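Protein chains in written order, with the numbering used here: chain A, 1 to 341; chain B, 1 to 341.
Derived by calculation from the structure, the hints in this document are not laboratory data. All values derive from a computational prediction rather than experimental measurement. Please note: incorrect hints may appear among the correct ones.
[Unchecked claim] Covered stretches of chain B, as calculated for chain A (at least 3 residues, CB under 8 Å): (1) 100-113; (2) 264-278; (3) 295-302.
[Said to hold, decoys possible] Pairs of lysine to aspartate or glutamate, EDC-like flavour, derived with a Cα cap of 20 Å: (4) A/K72 with B/D278; (5) B/K303 with A/E226; (6) A/K72 with B/D103; (7) B/K189 with B/D203; (8) A/K153 with A/E32; (9) A/K99 with B/E73; (10) B/K72 with A/D292; (11) B/K321 with B/E338; (12) A/K189 with B/E226; (13) A/K303 with B/E226; (14) A/K100 with B/E73; (15) B/K189 with A/E226; (16) B/K213 with B/E130; (17) B/K195 with A/E226; (18) A/K153 with A/E184; (19) B/K153 with A/D292; (20) B/K151 with B/E226; (21) A/K99 with A/E32; (22) B/K72 with A/D278; (23) A/K72 with B/D272; (24) A/K309 with A/D169; (25) B/K303 with B/E73.
Even for Gly, the Cβ is constructed at its ideal location relative to N, Cα and C.
2 protein chains.
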Amino acid sequence: MSVISIDRIEQFVYQALLKSNIPEDHATWVAEIYRQATLRGVGHHDIYNFPGRLKSLKTGIINPKPSLLLLKEFQTLAQFEGDNGLGEVCSWHIMEQAKKRADIFGMGLAVIRNSNHFLASAPFIEKAAEEGYISILYTHGAPLMKAPGRKEKVISACPMGFSFPSSGDFPIVADFCLTYASGEQLGAKAQAGEKVPSHWGVDAEGNPTTDPKIMNSTGARSGIGEHKGFAFSMLAEVLTAVLADGPVIDEPHPQTGKTGIAMQTAIVIKADGLVSGDTLASRVTQMLSRLDARAPGIHIPGKSSYDSKMRIEQNGGIELKQGLIDTLNGWARELGIEGLE
Amino acid sequence: MSVISIDRIEQFVYQALLKSNIPEDHATWVAEIYRQATLRGVGHHDIYNFPGRLKSLKTGIINPKPSLLLLKEFQTLAQFEGDNGLGEVCSWHIMEQAKKRADIFGMGLAVIRNSNHFLASAPFIEKAAEEGYISILYTHGAPLMKAPGRKEKVISACPMGFSFPSSGDFPIVADFCLTYASGEQLGAKAQAGEKVPSHWGVDAEGNPTTDPKIMNSTGARSGIGEHKGFAFSMLAEVLTAVLADGPVIDEPHPQTGKTGIAMQTAIVIKADGLVSGDTLASRVTQMLSRLDARAPGIHIPGKSSYDSKMRIEQNGGIELKQGLIDTLNGWARELGIEGLE
Numbered sequence: 001m002s003v004i005s006i007d008r009i010e011q012f013v014y015q016a017l018l019k020s021n022i023p024e025d026h027a028t029w030v031a032e033i034y035r036q037a038t039l040r041g042v043g044h045h046d047i048y049n050f051p052g053r054l055k056s057l058k059t060g061i062i063n064p065k066p067s068l069l070l071l072k073e074f075q076t077l078a079q080f081e082g083d084n085g086l087g088e089v090c091s092w093h094i095m096e097q098a099k100k101r102a103d104i105f106g107m108g109l110a111v112i113r114n115s116n117h118f119l120a121s122a123p124f125i126e127k128a129a130e131e132g133y134i135s136i137l138y139t140h141g142a143p144l145m146k147a148p149g150r151k152e153k154v155i156s157a158c159p160m161g162f163s164f165p166s167s168g169d170f171p172i173v174a175d176f177c178l179t180y181a182s183g184e185q186l187g188a189k190a191q192a193g194e195k196v197p198s199h200w201g202v203d204a205e206g207n208p209t210t211d212p213k214i215m216n217s218t219g220a221r222s223g224i225g226e227h228k229g230f231a232f233s234m235l236a237e238v239l240t241a242v243l244a245d246g247p248v249i250d251e252p253h254p255q256t257g258k259t260g261i262a263m264q265t266a267i268v269i270k271a272d273g274l275v276s277g278d279t280l281a282s283r284v285t286q287m288l289s290r291l292d293a294r295a296p297g298i299h300i301p302g303k304s305s306y307d308s309k310m311r312i313e314q315n316g317g318i319e320l321k322q323g324l325i326d327t328l329n330g331w332a333r334e335l336g337i338e339g340l341e
Numbered sequence: 001m002s003v004i005s006i007d008r009i010e011q012f013v014y015q016a017l018l019k020s021n022i023p024e025d026h027a028t029w030v031a032e033i034y035r036q037a038t039l040r041g042v043g044h045h046d047i048y049n050f051p052g053r054l055k056s057l058k059t060g061i062i063n064p065k066p067s068l069l070l071l072k073e074f075q076t077l078a079q080f081e082g083d084n085g086l087g088e089v090c091s092w093h094i095m096e097q098a099k100k101r102a103d104i105f106g107m108g109l110a111v112i113r114n115s116n117h118f119l120a121s122a123p124f125i126e127k128a129a130e131e132g133y134i135s136i137l138y139t140h141g142a143p144l145m146k147a148p149g150r151k152e153k154v155i156s157a158c159p160m161g162f163s164f165p166s167s168g169d170f171p172i173v174a175d176f177c178l179t180y181a182s183g184e185q186l187g188a189k190a191q192a193g194e195k196v197p198s199h200w201g202v203d204a205e206g207n208p209t210t211d212p213k214i215m216n217s218t219g220a221r222s223g224i225g226e227h228k229g230f231a232f233s234m235l236a237e238v239l240t241a242v243l244a245d246g247p248v249i250d251e252p253h254p255q256t257g258k259t260g261i262a263m264q265t266a267i268v269i270k271a272d273g274l275v276s277g278d279t280l281a282s283r284v285t286q287m288l289s290r291l292d293a294r295a296p297g298i299h300i301p302g303k304s305s306y307d308s309k310m311r312i313e314q315n316g317g318i319e320l321k322q323g324l325i326d327t328l329n330g331w332a333r334e335l336g337i338e339g340l341e
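Please put together the full structure from these sequences, using the hints given.
Right, dumping it as structure tokens:
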């Protein structure tokens, strides 16, 4: 493990992207997203995913210079073509587009098709909350969630997030999928030899299992609250795939035949017309105080990320695994940029 | 049990409301909501709740002639005063207001404070889906959900619903709260002497329990997916209480000192600007076909209500318990309207 400053990580991402033919503005966006995602200290869906992005850019799996064309729009609503660009670029773009519309109309919704993996919703929506917006960001994925009482993987696990401002140290940020655990979380449990609650999913025969490895492979994951999570995922499918005019569920892409293509949808509310920005933030903080008065020390979504950020700032950087540093330095040599240490 | 036609039920509600000093337009709205709610065949949050409304109107707990004042608005956003009117009147009003804004801007959000119990989200959002809208309806309530890993009731269980059109026989309608089971459902389980899964909630000491009665009284209910349901309820608290400029969590009302006052928020999307109404509906149906191809016979939210509606139409009416009929006939005598049989 080596401690690398967050500025250095952001700079590294920016330079590596430029050398991978990403335009300057897009590289700036993506570098900021990797900075913010890495500050969360989760250890995945952050800088650990970056080598994969560089590989996809090198092999042409992802288009470094996408034309983010506006396909259709109507007042608050906008539909974009992602042109197989980085998911981080596509998601940044629709967040900004939704915010722009929210500034004018109070609400905005922007959806993008032919996108890619967006890392996580947190860095995008956290930024929006710091700018005073209430926001929700959905991503569409391949079927991984089962239906209630069934065993077949039928619908996206619905990775999503939402966020709103507070007047405290950090905005409220929730970022998760709508199954009990994500594939990554089940993988980590499996590696640690841990069991998981049997209501989290089933084995290949549809029987309850406590084995995260089975649940994550031949079995299937349950939606939170069974029919409730399943219904939420159906809504997300409509807000992403249907509004994007893209492929639904496991439908093949009309040109490429690929399935499970990422699409993102950003919904943004600028509530200034109803309550001022200051009032919104202070009322959220009063809500937190009321919660805390009923259950002192309650955990608030966004707190872990904030603590991690503070820790990283205090330590002058974040500890990265040597394996990641070696991989990134390999890319540095290949792309002709300065390595991490 | 007696079979009463749904037209007769709607007419009864309308007449009883008129005699309870509800204005004609409001009575029409509420009668339609009771009709639609009762057609769902749930046996609660429908005509079975109507005697309680008549009592609240008689005793002055609910204001029969509320002034639904527009307090603030900005393009897509509108904030209303509910003036202690019927929750069904307040919710109908904000659904119409949100639709009106969605027609102009593609999206609309209307929130109302000082409202009352709205029965259920289903009849409101089902109507919106039949009119071609995607909609979400939240209601705010007293703290009943616990925080993850805790035992205290801290936040609303977040009764809510969402709906969107399909080109099949019925729109997709999801109506539920964000705990595993509602208070009514736990009550029914307790009465039937049934146990419930231990992840649904805790006893007074915060230990897992399978006793629905304890979970529903001295204990507390868990949010679906624990921190996930809890975070969703926080978002709902912001979208209802904060945007309504009303009391948050257990805050007393500034004038009356009451807590747990109902507030509703309607969010409506008219997606015509991105995909036509016909395309939206047919793409939803194609999504359902894809789901069904992966797991044949899958249950779709809205199907039970549709089946109930068909059954009631076929039977020429719905079977109501004699106790309810007696109670309603008691009200008929008191209000000077024709009884149910």
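Results for each hint:
{"no.": "1", "hint": "100-113", "verdict": "holds (count 7)"}
{"no.": "2", "hint": "264-278", "verdict": "holds (count 6)"}
{"no.": "3", "hint": "295-302", "verdict": "holds (count 4)"}
{"no.": "4", "hint": "A/K72 with B/D278", "verdict": "holds, 16 Å"}
{"no.": "5", "hint": "B/K303 with A/E226", "verdict": "holds, 16 Å"}
{"no.": "6", "hint": "A/K72 with B/D103", "verdict": "holds, 16 Å"}
{"no.": "7", "hint": "B/K189 with B/D203", "verdict": "holds, 16 Å"}
{"no.": "8", "hint": "A/K153 with A/E32", "verdict": "violated, 34 Å"}
{"no.": "9", "hint": "A/K99 with B/E73", "verdict": "holds, 18 Å"}
{"no.": "10", "hint": "B/K72 with A/D292", "verdict": "violated, 30 Å"}
{"no.": "11", "hint": "B/K321 with B/E338", "verdict": "holds, 18 Å"}
{"no.": "12", "hint": "A/K189 with B/E226", "verdict": "holds, 18 Å"}
{"no.": "13", "hint": "A/K303 with B/E226", "verdict": "holds, 16 Å"}
{"no.": "14", "hint": "A/K100 with B/E73", "verdict": "holds, 19 Å"}
{"no.": "15", "hint": "B/K189 with A/E226", "verdict": "holds, 18 Å"}
{"no.": "16", "hint": "B/K213 with B/E130", "verdict": "violated, 38 Å"}
{"no.": "17", "hint": "B/K195 with A/E226", "verdict": "holds, 18 Å"}
{"no.": "18", "hint": "A/K153 with A/E184", "verdict": "holds, 17 Å"}
{"no.": "19", "hint": "B/K153 with A/D292", "verdict": "holds, 11 Å"}
{"no.": "20", "hint": "B/K151 with B/E226", "verdict": "holds, 12 Å"}
{"no.": "21", "hint": "A/K99 with A/E32", "verdict": "holds, 18 Å"}
{"no.": "22", "hint": "B/K72 with A/D278", "verdict": "holds, 16 Å"}
{"no.": "23", "hint": "A/K72 with B/D272", "verdict": "holds, 10 Å"}
{"no.": "24", "hint": "A/K309 with A/D169", "verdict": "holds, 11 Å"}
{"no.": "25", "hint": "B/K303 with B/E73", "verdict": "violated, 37 Å"}
Checked against the numbered hints above, the structure breaks hints 8, 10, 16 and 25 and satisfies the rest.
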